[in-house]
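Chains as they are written, first to last, in numbering that gives the first Met the number 0: chain A, 0 to 259; chain B, 0 to 259.
Calculated directly from the structure, the hints in this document are not laboratory data.
Computed from a predicted model, the values in this text were never measured in an experiment.
A couple of the hints might just be wrong.
Copies of the same chain look alike in the list, so a pair counts if it works inside one copy or between any two.
[What the hints assert, rightly or not] Mimicking SDA-like on lysine to any residue, the simulated pairs with C-alpha atoms at most 20 Å apart in a straight line are:
hint: 1; residue 1: K204; residue 2: W145
hint: 2; residue 1: K106; residue 2: A178
hint: 3; residue 1: K7; residue 2: P244
hint: 4; residue 1: K106; residue 2: W181
hint: 5; residue 1: K99; residue 2: P10
hint: 6; residue 1: K204; residue 2: L27
2 protein chains.
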Amino acid sequence: MAAGLGVKAAPFTYVAHALAVAAAVMVLVWCISFRGGLAFEADNKNLIFNYAAITIMLYESIVTRYCNKLDEYMVHPVLMLIGYIILGSEAIMIYKIFPKLNHDTTKLIHLILHAIAIVLGAVGIYCAFKFHNESGIANLYSLHSWLGIGTISLYGIQWIFGFVAFFYPGAAPHVRRGALPWHVLFGLFVYVLTLATAELGLLEKLTFLQSSGLDKYGAEAFLVNFTGLVVALFGAAVVVAAVAPAHVEEPEGYAPIPVN
Amino acid sequence: MAAGLGVKAAPFTYVAHALAVAAAVMVLVWCISFRGGLAFEADNKNLIFNYAAITIMLYESIVTRYCNKLDEYMVHPVLMLIGYIILGSEAIMIYKIFPKLNHDTTKLIHLILHAIAIVLGAVGIYCAFKFHNESGIANLYSLHSWLGIGTISLYGIQWIFGFVAFFYPGAAPHVRRGALPWHVLFGLFVYVLTLATAELGLLEKLTFLQSSGLDKYGAEAFLVNFTGLVVALFGAAVVVAAVAPAHVEEPEGYAPIPVN
Chain A
0 MAAGLGVKAA PFTYVAHALA VAAAVMVLVW CISFRGGLAF EADNKNLIFN
50 YAAITIMLYE SIVTRYCNKL DEYMVHPVLM LIGYIILGSE AIMIYKIFPK
100 LNHDTTKLIH LILHAIAIVL GAVGIYCAFK FHNESGIANL YSLHSWLGIG
150 TISLYGIQWI FGFVAFFYPG AAPHVRRGAL PWHVLFGLFV YVLTLATAEL
200 GLLEKLTFLQ SSGLDKYGAE AFLVNFTGLV VALFGAAVVV AAVAPAHVEE
250 PEGYAPIPVN
Chain B
0 MAAGLGVKAA PFTYVAHALA VAAAVMVLVW CISFRGGLAF EADNKNLIFN
50 YAAITIMLYE SIVTRYCNKL DEYMVHPVLM LIGYIILGSE AIMIYKIFPK
100 LNHDTTKLIH LILHAIAIVL GAVGIYCAFK FHNESGIANL YSLHSWLGIG
150 TISLYGIQWI FGFVAFFYPG AAPHVRRGAL PWHVLFGLFV YVLTLATAEL
200 GLLEKLTFLQ SSGLDKYGAE AFLVNFTGLV VALFGAAVVV AAVAPAHVEE
250 PEGYAPIPVN
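Start from the sequences and build out the full structure, keeping to the hints where you can.
In structure tokens, the structure reads:
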């Protein structure tokens, strides 16, 4: 279907990368400058627009966070978005990012990036459980948690199936040919569910904060909601990049438009 | 891409219909038997498994609801799921449900179903605002509301564009040919965003109820979460039905498998 769009995948990978950077910065600013501790609460508004301050703050905050093992909960959104979703998205797009690279190389990058994404996702989920257990919060009752556990399980099954069928030992050629479109389709289904889970997580956390008194129309609420919108657009760009062809043939009878 | 799956769309439309019925029943049971008023609170557990009782209850509840104009809020999920999402899904699948019907007829059904879906969706959104305003609840601060308003706006724009380009007055043939895959792609993007909005709405409402004391692992929580899962699977079936071909050609050199 997307092959009929008449455009190639590469521009969508550029858009996806720009949106990935935006989403990563937004979730870091949220978790570190809004949620990261008292030291960063004082001048939030300036920090959002002050890149030098954000860099210093990022470094200090990561050191503080991992050394003191404080506030595991807020490691969860960072690992899930940057580790799990963005790395997984890069894995999905890799064939379109480097269309001229040797196919075996891109396949190896594809499966390694997905493996790292799953591991970081699992650590991120561990952080959520750890935070819940240490704070006396119930586990696994929300749609976010259900979809999240279901999605990472399907993601792992998809990875194992892909490894066995397409990498080692590899299925017979006609099985691979038949299985590939299902691998793409099921992979994109799991990917879209992952994005939906992220949206649910952003909304859930913000709803908890707002029911504890956070301003419904404040800077933090808007930042988190806009992060949700950026993640949705990012996911759309990744899906189009995945289904659009790496190369588009000129239709017959059309002269290419001169560049200058 | 889905054309390479080697299966035709029809079976996915059957799966989608079964899931649509399941989701519709689930949201009705939720809104009527769990949320519908004191009269239905007494024997919830029996009602879930008692179809006769549900039918009577449905009738009584709809009469009570619309005559007394009580509890507008719970009309919102019913209209959004059954009116907006399920009717819109039927509109998307119509070309695959009736592949042998005259193309102009299916196109007319497609645009009429989408129009009804948008109107019912708009009424459903009106119910949410009305409920908020009469209960002193803030409007348009959540990701659910942002995505929802954005999605129905894009849906309307898509409808107007489709009407003008493909129905009346209709664009030039080469423009239509070029625009059709974008119509499908953008339509599916809006559709998936609509599903994501529904998931956010289910989670948001349940989170509010749970923060007011509803059992996190109770029957109602499980019903709403499972409704979310069914809606996700339903959406996947609709998307596959939309992109899979109506007919699949036998690959060359393959004898068809005998039926008996």
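Outcome of the hint check:
1. K204 with W145: both (15 Å within a copy, 16 Å between copies)
2. K106 with A178: Result: close within a single copy only, 15 Å intra versus 33 Å inter.
3. K7 with P244: For K7 and P244, only the intra-copy Cα distance (5 Å) is at most 20 Å; the inter-copy one is 22 Å.
4. K106 with W181: within (16 Å within a copy, 29 Å between copies)
5. K99 with P10: within (15 Å within a copy, 38 Å between copies)
6. K204 with L27: within (15 Å within a copy, 28 Å between copies)
The structure meets every hint from the earlier list without exception.
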